[in-house]
Amino acid sequence: MAAGNKRRRYANGPPRPKYLAGVDADRAVMMILALAAEVSALRERLDTHERLAAAEQPPVPDAVERYAPSEEVEAARAAARRALIDRVTRVLLEPDSVRVRAAGESQE
Amino acid sequence: MAQARHAMLIEETHDERARDAFIASLREYTMAEIYPQLRKHYDEVLAPRYAARHGEAPASVDRVRAIMEDSPFYMGYSLLVRGTQELLWDTVGEAVERQLPALIDKAEALRAGKGSLTLDATLPLPNYTAAVDIHVMPGGFHTDITANDVFAGALYDRGVHLFAFGGLGPLNDELGVATAAAVRKQFPDLAPRRVLDLGCGAGHATLPLAEAFPAAEIHGVDLGAPMLRYASARAAALGHAIHFTQADATHTKFPDASFDLVTSTLLLHEMPRPAILALFRECHRLLRPGGVMAHHDLLRWPDDPFDAFMMAWTTRHNNEPYERASGTLKFPEDCAAAGFDAADVFIVSQAGAYLEEVYQVSGIRGARKR
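These protein sequences, in sequence, are chains A and B.
Numbering of the first sequence is given in the numbering used here, commencing with residue 1188 and proceeding in unit increments.
Numbering of the second sequence is given in the numbering used here, commencing with residue 535 and proceeding in unit increments.
Honestly, the hints are just simulated from the structure, not real lab data.
Please note that a few of the clues may not be correct.
[What the hints assert, rightly or not] Keeping only pairs whose Cα atoms sit at most 30 Å apart, straight-line, the calculated BS3-like set for lysine-lysine is:
#1 K864(B) - K719(B)
#2 K787(B) - K864(B)
#3 K1193(A) - K574(B)
#4 K1205(A) - K574(B)
[What the hints assert, rightly or not] Pair ranges (Cβ atoms, derived):
#5 A1221(A) - K719(B): 39 to 47 Å
#6 V1226(A) - E545(B): 17 to 25 Å
#7 V1226(A) - Q571(B): 22 to 30 Å
#8 V1226(A) - K719(B): 46 to 54 Å
#9 F865(B) - R1196(A): 46 to 54 Å
#10 P582(B) - D1213(A): 24 to 32 Å
#11 A1221(A) - G773(B): 36 to 44 Å
#12 A1215(A) - A586(B): 29 to 37 Å
#13 Q571(B) - V1247(A): 43 to 51 Å
[Claimed, not checked] Now the stretches of chain A that chain B is said to cover, found in silico as 3 or more residues with beta-carbon under 8 Å:
#14 1208 to 1221
#15 1231 to 1245
#16 1248 to 1258
#17 1261 to 1268
#18 1275 to 1282
In this text, a Cβ means the ideal position worked out from N, Cα and C, and glycines have one as well.
Bound conformation, chain A alone:
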């Protein structure tokens, strides 16, 4: 959670307003996870299309299903998944100090 030399990803200022609470928020997060999986699958399907096109193969459904990524392609996709997870979970896993401010509570 240490910022290190990375850009700061949480803004100073007034607390984030409160929105969902309790079980509803939990369910919403689980729905977002499922959507994130779908976004990731869509991105990989698009990547398959592009790589087939680059190899001058028509990206018809059969070709998409048969496509087997090389280790290099799989490594690039793993990095893209990791980046997507990082973006989607940023708020869920934000440091306690940010969350406490967002909830309008004192840390003391």
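Given chain A, put chain B in place with the hints provided.
Below, chain B without anything else, positioned relative to chain A:
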């Protein structure tokens, strides 16, 4: 690490594979990256803050729980891991359901070959299994959703591979390989004629026993019929002749002194203490003199209150309510109570593989019957 293909493993479309990959990435992210950060956050921020207020370090699991459940970071982590778990079963489940009739046909054809399958539709399900679907896997290991069902086995075989993000090996068998290797190393003179794997599930730890003891007749028992149907077909697909029987590991119907080696892998931590003690007694009954029982599971429960709290995460969040029982077994006393001699107990720690890397408390222990 890609899962090794075999004839019973589900076929997946491009997009199903992509969803799976996302879930495995989520698992790896939470376990390999976020989990260590929780420890650091506790050590550097939460525990010192508590100590400054109360004049002492948090000394009990209850104190740690109060601290952690007040931490949005920990609660976010917990929601993410629980949410990933539910998404995992739902995602793989959709792919299994789509091809279930074909999988059932394939299983029937494969089972016509080597090995055997003996089911018992009248077998009562113990309350501790009926009440909770472990790992939050809908239907558990035992629910039939259709005739000749293999759903639970197909779901678990693919799901546990994603859960461990490949860490159990291409055939999900590394824990079983370690169990077999530890027994061979510990008892080089043991040449078993009959071997029994208790709570064998999909057979991930049963097949390594066949590899390690090629001259032996290998048996597996489990409570779950859909798991056993899948296990027997998977074993045949991988070229092994294994005998699978639906039975309660604490009360099998095999005769006294009919096995030379009885094993379990990751079974004990899903059982309450009285059932574990009954299982030890059953092992003693089933073994011939000179025979060995070997159980691969948690060796101890952590002393450190933070480690103990995090160890219990699965109890609270992953439907594994009895996990603590296996970590607090008394060796050699609990084996002695089952009839083994206290001097014949053995413990092999640092057995390797996924569990050891995450928790550092697993290994193999058991006893040899005089």
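Evaluation of the provided hints:
| no. | hint | verdict |
| --- | --- | --- |
| 1 | K864(B) - K719(B) | holds (24 Å) |
| 2 | K787(B) - K864(B) | holds (27 Å) |
| 3 | K1193(A) - K574(B) | holds (19 Å) |
| 4 | K1205(A) - K574(B) | holds (28 Å) |
| 5 | A1221(A) - K719(B): 39 to 47 Å | holds (45 Å) |
| 6 | V1226(A) - E545(B): 17 to 25 Å | holds (24 Å) |
| 7 | V1226(A) - Q571(B): 22 to 30 Å | holds (25 Å) |
| 8 | V1226(A) - K719(B): 46 to 54 Å | holds (48 Å) |
| 9 | F865(B) - R1196(A): 46 to 54 Å | holds (49 Å) |
| 10 | P582(B) - D1213(A): 24 to 32 Å | holds (29 Å) |
| 11 | A1221(A) - G773(B): 36 to 44 Å | holds (38 Å) |
| 12 | A1215(A) - A586(B): 29 to 37 Å | holds (35 Å) |
| 13 | Q571(B) - V1247(A): 43 to 51 Å | holds (45 Å) |
| 14 | 1208 to 1221 | holds (count 5) |
| 15 | 1231 to 1245 | holds (count 3) |
| 16 | 1248 to 1258 | holds (count 3) |
| 17 | 1261 to 1268 | holds (count 3) |
| 18 | 1275 to 1282 | holds (count 5) |
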